[in-house]
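Student: In case you want the letters, here they are:
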Amino acid sequence: MAKILIVDDDVTNRDILRTRLESAGYEIAEAVNGEEGVNLAQQMPPDLIILDVMMPKVDGLLACRILKANDKTRSIPIVMLTARSQQMEELRGWESGADEYLTKPCDHQRLLAVVAQFLPAAGGKP
Amino acid sequence: MSDETNVPAQPASEPALPRIMVIDDELGFRELAAFEFGARGYQVVTAADGQEAVLKAGNRDIDVVISDMAMPKLGGLDTLTALKNLDPKIEVIMVTGFATLENAVESMKRGAYDFITKPFQIDDLARLVSRALEKRRLGLQVDELKEINRFKSEFLANMSHELRTPMNAILGYTSLHLDQIYGPVTPKQQEALKRVEAGGKNLLQLINGILDLSKLAAGRMPVYLEEFNLRDLMDEVLKMMDCLAGAKKLALTADIPPQIRIKSDRTKLKQILINLISNSIKFTREGGITVCLARSPGKSRFTIRVKDTGIGIKAADLPQLFQEFRQLDASSTRQYGGTGLGLVISRKFAQLLGGDVNVESVPGAGSTFSIDLPLESELAAPAGERLFRQAALAAGKKVFLAIDDDPEVLSLLRDSLHGTGYEFAGALGVPEGIALARKLKPFAITLDIMMPHQDGWSALQVLKNDPELKAIPVIILSITDNKSLGYALGVTDYMIKPFDRRELLGKLKALEHGCKPKAPGQAAACTVLVADEEKATADYIRETLAAEGYEVETAATGREALAKLNAAPPDVLFLNLTLPEVTGFEVMEAVEKDPKFRDTLIFVLTARHLSGGELEHLHRRAEAVIQKGSRKLPDILSLVKRKLEKIEVFAERPAGGE
Chain A
1 MAKILIVDDD
11 VTNRDILRTR
21 LESAGYEIAE
31 AVNGEEGVNL
41 AQQMPPDLII
51 LDVMMPKVDG
61 LLACRILKAN
71 DKTRSIPIVM
81 LTARSQQMEE
91 LRGWESGADE
101 YLTKPCDHQR
111 LLAVVAQFLP
121 AAGGKP
Chain B
127 MSDETNVPAQ
137 PASEPALPRI
147 MVIDDELGFR
157 ELAAFEFGAR
167 GYQVVTAADG
177 QEAVLKAGNR
187 DIDVVISDMA
197 MPKLGGLDTL
207 TALKNLDPKI
217 EVIMVTGFAT
227 LENAVESMKR
237 GAYDFITKPF
247 QIDDLARLVS
257 RALEKRRLGL
267 QVDELKEINR
277 FKSEFLANMS
287 HELRTPMNAI
297 LGYTSLHLDQ
307 IYGPVTPKQQ
317 EALKRVEAGG
327 KNLLQLINGI
337 LDLSKLAAGR
347 MPVYLEEFNL
357 RDLMDEVLKM
367 MDCLAGAKKL
377 ALTADIPPQI
387 RIKSDRTKLK
397 QILINLISNS
407 IKFTREGGIT
417 VCLARSPGKS
427 RFTIRVKDTG
437 IGIKAADLPQ
447 LFQEFRQLDA
457 SSTRQYGGTG
467 LGLVISRKFA
477 QLLGGDVNVE
487 SVPGAGSTFS
497 IDLPLESELA
507 APAGERLFRQ
517 AALAAGKKVF
527 LAIDDDPEVL
537 SLLRDSLHGT
547 GYEFAGALGV
557 PEGIALARKL
567 KPFAITLDIM
577 MPHQDGWSAL
587 QVLKNDPELK
597 AIPVIILSIT
607 DNKSLGYALG
617 VTDYMIKPFD
627 RRELLGKLKA
637 LEHGCKPKAP
647 GQAAACTVLV
657 ADEEKATADY
667 IRETLAAEGY
677 EVETAATGRE
687 ALAKLNAAPP
697 DVLFLNLTLP
707 EVTGFEVMEA
717 VEKDPKFRDT
727 LIFVLTARHL
737 SGGELEHLHR
747 RAEAVIQKGS
757 RKLPDILSLV
767 KRKLEKIEVF
777 AERPAGGE
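The listed protein sequences correspond, in order, to chains A and B. Read in order, the letters of the first sequence correspond to residues 1 to 126 in our numbering. Read in order, the letters of the second sequence correspond to residues 127 to 784 in our numbering.
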């Protein structure tokens, strides 16, 4: 089963993503801030990371840069979560190294499509 | 001594009495004024001369000043200027004799509220005072309202996160239930959940609309330009709108050439198109909506027309269509839904991109909305290079450059520098900022850290690695506090937003000292004048500083010091207070009065014991007052050098410093 790490400081958001992705057949791990996310990503490592942008301490942008600078985690696809499409355009400009961007509130069809794009074989109902 | 009137203590709930200050060297007039105005309900502060007045005004909140024109020490006009510098909103009424009427004109030029000629009736003066007070109150009120308005816009813009977060939960959990992930859902429950979802989506749209408007009002709407194919965007929009049109059995057709590359803000243009098309769908019962492109060959602009066969708009209503917070007809809102914000936002977005949105309409036959845009949008912000006037450079004004992605910060900085003699240039991004730095050679740069595309740190790297630019001091102006990294990367100073205007001006003034115009390739020596009758002291200072590359002159008397000061204002003045002929205090006074010494740093050396008042006075102008007996001379000098060092962080002197 493909493993997805969700990094978000908002418990509601983590729960919604987890429920949605678990029901689609993925195994989920959670981290509540960028720092924890980076550490967990190095221990696991997951097959994909969903990273919220606005987080206290280490935010999503910095976490993404750290993950992409590290040999162990560089190849893990990262999907950034941002509040609005406008910010999504800005994020693209940041060149944080993220592989894909999603806006909150997440449209679940788009979420699953984006995830499946990176983890094609792993999906499928349990 | 202060002869302040005794005012009974006010209960805390009552507003404070208006405070006026009476400046006159005649005790009789001071007493009379204190009595008369005290009786009229004012709190009165008096001062016997300009210096005392300035000191007192600095400590108290004075509303209105009545100042004599002819006074010893600091004259009436200079007092006026000093008071206005202290508080630009203070209102000053000048009292003049007929002989000094031309001074009255000058005082009006310098910002006095009014003047009154002697002799006068106290009632006339009282009337003037109450009018001046009214003006000050209104002025302060306007300031406050501006501030509140800014806070309001800022608050709303900052609220975006907080307002949207609950929507995540509402929409997220609803869709989980709808998809029966938590278990089976009955058709009745399905229907209810669908309504929750639709309501949530509407609410989200409304929140986004209001936040967009407040961001636009606060000048904080970012623009992100990129090159893309208009047809691709159009196809995306049509796909989204098709089901909306299909649900009303309307035909939605578009005629856009397959290849038309434009440079614009993709997200904003998409939102404009969605707003206009969904608006047309909303107000059309039968027929359809056509979207077409009009582009005159050779022109650098294009127009997209959205034409419907809807109910149309009355000619009288057209002007109100794009007005904020106004809906044509409340009943139409209830009938057709929507907030009426879409059109306003669309037009403002288009304007942000250098274009506009307009409408033509025939009631009963339909409306045509046209989006007119340049093929290549530019960052048309209110700040930016256009703010910079070429004439200023010719006039030899010092240019200050600010790099910040927030246009509001730029205009705040520009306003803060108004009237300071600095010329302001602003850049909304790093590449633009560096280009401007190369072109304008500013004497100082403020740099934001969190900017899209390229952040402040990367700008700093470019600036500090460019031989032409590395000498320009950079002040970081950021909300993030990362001083140690900043200093390690070579910044001169670090300020945390929101910045304090006075602090910024102080820093700029200090930097100015270190940034005298230099001949290319070679740093001009810092010039120093040592005014001290003790030859040993003067020689020691001269030798030590000359060895470090300073150009040092000495003066043994106050008169000699004045002559040398006037011949060429030095960068630094060491001033002993007990000079023969003309005392150090008098030299100080002359230096204080003459604007050409504005940039001269003064270090006071004295063996005398100074009174608190004298010290206070000296400290207003001097960088430091150094007691001669208290330290050995080398220590004094290294103290002075450290102070200079701080100010001249980047001045490259030929001989190495410490």
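No wet-lab data here; the hints were simulated from the structure. Predicted model only: the values in this text are computed from it and were never measured. Note that beta-carbon positions come from the ideal geometry of N, C-alpha and C, so glycine has one too. Keep in mind that a hint or two might mislead.
With a cut-off of at most 30 Å between alpha-carbon atoms, the simulated BS3-like pairs for lysine-lysine come out as follows [unchecked claim]:
| # | chain 1 | residue 1 | chain 2 | residue 2 |
| --- | --- | --- | --- | --- |
| 1 | B | 396 | A | 57 |
| 2 | A | 68 | B | 690 |
| 3 | B | 590 | A | 68 |
| 4 | B | 341 | B | 396 |
Restraint ranges, calculated between C-beta atoms of paired labels, are given here [claimed, not checked]:
| # | chain 1 | residue 1 | chain 2 | residue 2 | range |
| --- | --- | --- | --- | --- | --- |
| 5 | B | 261 | A | 110 | 36 to 42 Å |
| 6 | A | 44 | B | 424 | 55 to 61 Å |
| 7 | A | 110 | B | 445 | 49 to 55 Å |
| 8 | A | 56 | B | 632 | 48 to 54 Å |
| 9 | B | 313 | A | 11 | 29 to 35 Å |
Student: Find the hints from earlier in the document that the structure breaks and name them by number, from lowest to highest.
Tutor: 1, 2, 5, 7, 8
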